[in-house]
Amino acid sequence: MIEQLLFYTFAILTCGGAVAVVATQNVVRMAFWLVVSLGSVAALFFLLHADFLGAAQLLIYVGGTVVLLVFGVMLTASGPYTTIKTAPAEGIIGAAVGLMLLMVLVSSIGSVDWGAISGRLPSSPQSPFTADSIREAHADEAIVNSGSTKVKTDLAAIQQQGRTVRQLGLSFLGLRPDRNLKEGGANGLAPGYFLPFEIVSVHLLVVLIGAAYLARAKRRAVSEDRVSLD
Amino acid sequence: MGDVGLNAYLMVGAVLFVCGVVCMATKRNGIGVLMGVELVLNGANVNFVAFSRYTSLGLDGQTIALFVIVLAAAEAAVALAIALNFYNNHLTIDVDRGNELQG
Amino acid sequence: MHGLFAALTLEDFIARTISSLTKIPADSDTLLLIAFLAAAFTHAGLLLGLFGGLPVFYIWLERKVAGRIQDRLGPTRVGGSFGWLQTIADGIKLIQKEDLVPKEADALVFRMAPYLATIASFAAFMVLPISDGWIAVAAECGAFLILALMSLEVLGIILAGYSSGSKWALFGAMREAAQMVSYEIPMAICALIPLMIAGSLNFQVIGRMQSGGFWNWFILHDPFTFLAFFCYFTTATASVKRAPFDLAEAESELVAGFHTEYSGFRWSIFFLAEYSSMFAVSAVAAILFLGGWHDGLGIDSVIDSLFRGTGTGIIEGFSLGSYVANLFGAVVLITKACLLVFVQIWVRWTLPRLRIDQVMTTCLKYLVPISCFLFLAAVLWPLTLVTMFSRPVIAGPALGERALSQQTTTSIDASERLGAAR
Amino acid sequence: MANGSLTHTFSDGIMPETGDILMFLLTVAWLLPLAGFVVEVYWLCFSHRLNKGAAYVAVACIGIGFLCSLTALLYWGNATKWAALSEPEHHAHSASHDAGHAEAGHGEAGHEHEAHAVDADEHSHSPPPAPAKKYFSGTYYELARFSGLRVSLDWYIDSLTLVMFTMVTFIATCIHIFAIGYMHDELTEEYEDHEVHLHNGGHFSRPGRFHRFFAYLSLFSFSMLGIVLSGNIFQVFIFWELVGLSSYLLIGFYIERKSASTAANKAFIMNRVGDFGFLIGMMILWTSFGTFQFGDRTEGDHTQAGLFTMVRGQDGKLDVSEDGKEVYLQDAYGHRAERNGKPLSISYMLLVAAGLGVFAGSIGKSAQFPLQTWLPDAMEGPTPVSALVHSATMVAAGVYLAARFYPVFTPEVLLGIAYIGCITLFIAATIALVVTDIKRVLAYSTISQLGYMMLAIGVAGWGAALFHLVTHAFFKSLMFLCSGSVIAGCHHVQDMSRMGGLRHKMKITAYTMLVGVIAIAGLAIPGTSIGLSGFYSKDAIVASALAYSELNPGHILLFIAPLVTAGITSFYMFRLWFLTFAGTPRDAHVYEHCHENPSVMTTPLLVLAVLAAGCAWGGEGGPLYRLIADSELVPATARVASTGAAKVILPSHQGHESDVHHVHSTAGMLALISAIIGMTLAYLLYVKKTIDPNQIRQQFSGVYDFLVDKWRFDSLYDAMFVAPVHIVSAWCVSFDKGVLDPILHSAASLTVLTSKWDRAFDETFVDGLVNLVGTVTYNVGNSLKVIQTGRLRQYVMWIAVGVIVLFGALFTTIPK
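Residue numbers (my numbering), protein chains in the order written: chain A, 1 to 230; chain B, 231 to 333; chain C, 334 to 755; chain D, 756 to 1571.
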């Protein structure tokens, strides 16, 4: 119930922020609403027990990307609070197409039996994070033994909540403690994400250099015109 | 504690996605288009994490979402650099002015 | 052990109390909702008190220190001879001021921006442990989260500067954005060094690993963490835009920087955010490097043993010993953070302001390489030790053993507390 | 480098490594000029040209080469305990050949054969005596091996090689030094060639070629030494061609002069005629013998016989079959060579043909009749070149080759050689009588003297020929250098009719020249046998010829001609000296400007004069002759009667009992008388003027013109070869123009016609089709381009619409 309450709060904030981004014409306000929307998405991630992901969302999106976008707005604004207005007809067409797309998506979501599909997916432990929680459960044996059954179950539930840092880290190192060993086939270990992780690292470096190169100081077209006029 | 369920999250993701698409389709400001891209990616991320929680996708969903976030950051950096170049060349950020490839 | 301990215990305690009073089953949704909200509000209130109270103290401190450094007395009249009510008086005055929005400003964003900055700053308090187990949200990735939350503050400042419709404010915002985005990098790397040594992002774990003598503090773990502390403190000072890095509000150049156009309450909560951020980064420095809530002399364990077992019978899961020890820990931590804040104030009134290019140079050309080097060296340090002496530390038990032993003892403490909670 | 095997030792006490040491020294002497050449070419390309660096490099190279050669000669002498110089009676090889076998049997190879004999079959009752050879040989590097035939770089060292090396390097050193002075004019950036007249009346001007000259000289020295050191006939041929090239370059040194370039071409082409015969001879040798090697080659315990052993065996005799048509080849152990049980043999006539072929090469290189005409023209080159290349060394290479191949020559070939030499020596001497160009007199004298050498080889005077080769090299190079000195002193005046009385101005040149003249004339103090070097060597040749003609009365001409020519030689040489140095100056201008040359030029003259006078000291008992004769592979201790077509008897010429020895004093007396007559005549004609030369010239104007026209050989060759070629060429041209061109033209016009039709087809049908496709594509694209608005947002919208449509289609078509 609490979760539902929180979910609806943040879902409304998310959707409202997104719609506000679409509806607003001023870029800086769009950025503000985008912050609201993305921050709420981070909250949704916390609700989905993905703590690390939520923190990453805050750090990278809200703290990084949006700041970057606002930076871009400042660097490309030719006057204060520039608004480049969309023609009303386009807005209406866009809204219509968007609604149709939403309908398509919603009907798709509704028409799929996710449980059945989940069953068809490769089998995995019922709770994805048992490996870690079992270890911690052993460590907390003393606490649990001294407490009531209610505490015990609650604690087990808590321990399943959001403790994904270690698993994520290990999976980036190529290890999957949450997976059954037999899934890895003859090699004994389930595959992790070592290679994608490294590729992404290099990719980031390349992007860093590439973006710096692209955005380097250049003579602007107008200055050339001025030179020619002089 | 009651559970919200997978479909609710998917709905949120769908709304984010559609808003992103419409944003991309209607905004004439290049930065606005970038914001639309971010929305679309976040819609996808919400779906991934929701699947990670409610289906046997498990940890993979979170991992992929993490990759998406990282790549989105990279994309934003490059796209912003492109937008700055666009601004340098056209003296505006209006993407409708970049129609040199018109047939 | 760790987890949403305080919240849970409080929530659990409230639920159980209400349940016992009203005979409603303890696991009914309504009861849990009520208990959760009650616990959450309690915590929020406590945190808000901390969040609001500390800046009041710091502003007074700032004035007194500045006065002393400038060979004058500072506030002397309001609230007695030390003027310790001066801040309260100022606050009351500010709240009374008219809330002005310039004509050129983007009203919505202009109004929202201070809240954004303040919320970000306040949110950082949620994952900040005040003492062992005294934490609002005991997230597994607390350290990561606090860095993320503190980085949000810049957004409010940028939006404030941009929406003011003033060139001073815009320049301030731009400077602030550039500075914050740059300084986040060395700050995160320096923070990573103790995190890497501890092997955890959880403040609770990090804090407990530094229990015992002060030689267990991470600042004394190896030479590189010692240097990393100063590096971190420099970047932290810059990231809360304190002098000599306060380019965003450089009075001599930009009138008042990003808050030039602000007045009254909105203006004051910017300062609320700034001073509480000072406390937050100092507290993080204390936890990561200076032993957290441990005094380093063993006084807390003495207190713990003195009051052990006392009061267990009053409420189930309550232990007076651990409670008093935690209270002492909170005092220790706040004292450490206040000392660091004092240093920041001291530095502000001692050093002249840098130019913006000097600020950026300091970060990108010096602090980033230095922090990278320190990180690398701190990684290689235990490997070198293992290669040369077959042990990862010079003296004392290895960090992992320390953590394990600590885990068992705290488990006992926790069980006592849990037992007290029953 | 030296993987050569020491074939044999002379006798006990010679260290096995002697051969290697000799090889090393001579190889250094051989390769140094090549290094010098490379350095000079580098210098030529990249350095300042106005210094004498190249000359010093060249002199240093060849000088060190001389020291190496001399060291090698002395080392060889010490190693053999100077056995070659001892009295022939005590000499192991010359006195008794069988004894030589016995002694040599104790050598290294002897042990080998004892060991071999133990393993050998029982029926090899008499183990073959060890092959006794007088040389060292080996292989530097094997280029290729075609089944039996090895193509390799070999070395072959005997006393002749050593003497030649020493002689060549010494003379070359002297001439190099002389050339520093002679070529001094070339040390300028603006050398004006007075011989070349341009259309505008001026002279041709070019940068000096000092460095180039020394580079060529070094290349020549390298090639010449290569011939001498070569261990197989193929290698000889390579260096043979290389000296040909050097000679070509040096004759054409003043390439702008028409006469020089023509002379260079003439020399080169004429040499090719001879080389063609050489090639044929080589092919015969290859097919018949399967080896190019001179000497035997030991690989492991097997000794492969070389060419000489195959032909001559161990005893120096041809193994001719009974019917006289086959010559059996012999192996290294004194048996007949066998393959698959059948004895190897070569047709006698084929052997004659091989000998004649190789000799043809010698004819070309040594300017013998009928290829003698190139050598006088070769005097167009600078005088040091004439001295070194065209008198002392390269032209002597022909004689050297003939002598080196002496074992392969049958008596018939020798007879041919003798007659060729005889004709040559007479013709050249007669022409020399009327020539007034100082260098051309010497050139004809060279041809004549080379004819003497060939004659000597032909009449079995092997040692005499090579003896004369060495002495001639000294005195002829001396005379050429003297003439060069005169030419340089007189500022490039070569005509003797404009000289006279120069001995007052050029004392050293004049008297050193006189030494050379006396040497070549063969004068001696009557009654004694004390004379200069030419006396001894010519004496030896004449004696050989007399002995030969006594045994073969039908060939009396072979004695008469050299005898008469000895007088002619004496006459024209003294005529030269008298005209140049004696008497009164005939051209005051030349005389006024004439001067003696600097010491860098006169010093070599003095040194060479001493050697020209004294090198043959002791005559046939002297050290030089003995050294040369030591390496003779076919020692003639007894008369050898020919069994072939030509019934000739070769005289013996070794020892006190030999044929030659008997007639020696007679021949010497006759030759001396002849020479004195010639000298006296010259004195009377040109000094005393008792007889007016012009009168004689008018009286015998027919003969005089004939001689001035060089026996009309050039005209003859023009008529025989050049004119027919011109006629055939003219015919070919008319055939080309009349027949071939019309055919080609009609084919071309036909092709053009076809192409036009093809083009029309291409343009209408093929192009039309392609254009149609292009037009259609263009129109379709043109109509579709409206969609391509270039607007980003519209594309996004289309994507969204596309997705909607796709999903809509999916939902409607796929049932639930």
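Warning: the hint list may mix true and false statements.
Said to hold, decoys possible - BS3-like mimics (lysine-lysine), calculated; alpha carbons at most 27 Å apart, straight line:
#, chain 1, residue 1, chain 2, residue 2
1, C, K426, C, K397
2, A, K85, C, K436
3, D, K1080, D, K1444
4, C, K500, C, K436
5, A, K85, C, K500
6, D, K1072, D, K1492
To be verified - To give a feel for the contact side, a few chain C residues facing chain A, derived at Cβ under 7 Å:
#, residue
7, L364
8, I367
9, A440
10, A472
11, L478
12, S484
13, F547
14, W548
15, L553
16, F557
17, F559
18, L560
19, E586
20, V588
No wet-lab data here; the hints were simulated from the structure.
In this text, a Cβ means the ideal position worked out from N, Cα and C, and glycines have one as well.
Against the structure, the hints:
For the hint linking K426/C to K397/C, the alpha-carbon distance of about 20 Å falls within 27 Å, and the restraint holds. Proposed proximity of K85/A and K436/C is supported: the alpha carbons are some 22 Å apart, at most 27 Å. For a cut-off of 27 Å, the pair hint linking K1080/D to K1444/D is broken: about 60 Å separates their Cα positions. Taking the CA atoms of K500/C and K436/C, the gap is about 14 Å. The hint holds against a cut of 27 Å.
This hinted pair checks out: K85/A and K500/C have alpha carbons roughly 25 Å apart, not beyond 27 Å. Distance restraint check for K1072/D and K1492/D: the Cα-Cα separation of roughly 61 Å exceeds the 27 Å cut-off, and the hinted pair is therefore not satisfied. Look at L364/C: its Cβ only gets to about 10 Å from chain A, farther than 7 Å, so that hint breaks. For I367/C, the suggested interface contact is broken, since its CB lies about 10 Å from the closest CB of chain A, more than 7 Å.
Given the 7 Å rule on beta carbons, the hint for A440/C is violated: about 10 Å separates it from the nearest Cβ of chain A. For A472/C, the suggested interface contact is upheld, since its CB lies about 5 Å from the closest CB of chain A, less than 7 Å. Contact between L478/C and chain A, as hinted, is supported at the beta carbon level, the nearest pair being about 4 Å apart and thus within 7 Å. The interface hint given for S484/C is met, as the beta carbon of that residue sits about 3 Å from the closest beta carbon of chain A, less than 7 Å.
Below 7 Å, beta-carbon pairs count as interface contacts, and F547/C has none with chain A, the closest being about 27 Å; its hint is therefore violated. Interface restraint check: W548/C against chain A, minimum CB-CB distance 26 Å, threshold 7 Å, status violated. At its closest, the beta carbon of L553/C sits 27 Å from a beta carbon of chain A; the interface hint therefore is violated under the 7 Å criterion. Against a cut-off of 7 Å between C-beta atoms, the interface hint on F557/C is violated, since the closest Cβ of chain A lies about 22 Å away.
Among the interface hints, the one on F559/C is violated; its C-beta lies about 27 Å from the nearest C-beta in chain A, farther than the 7 Å criterion. For L560/C, the shortest C-beta to C-beta distance to chain A is roughly 25 Å, which exceeds 7 Å, and the interface hint is violated. The beta carbon of E586/C comes no nearer than 19 Å to any beta carbon in chain A, farther than 7 Å, and the hint placing it at the interface is violated. Interface restraint check: V588/C against chain A, minimum CB-CB distance 18 Å, threshold 7 Å, status violated.
Taken one by one, the earlier hints fail for this structure at numbers 3, 6, 7, 8, 9, 13, 14, 15, 16, 17, 18, 19 and 20, listed in ascending order.
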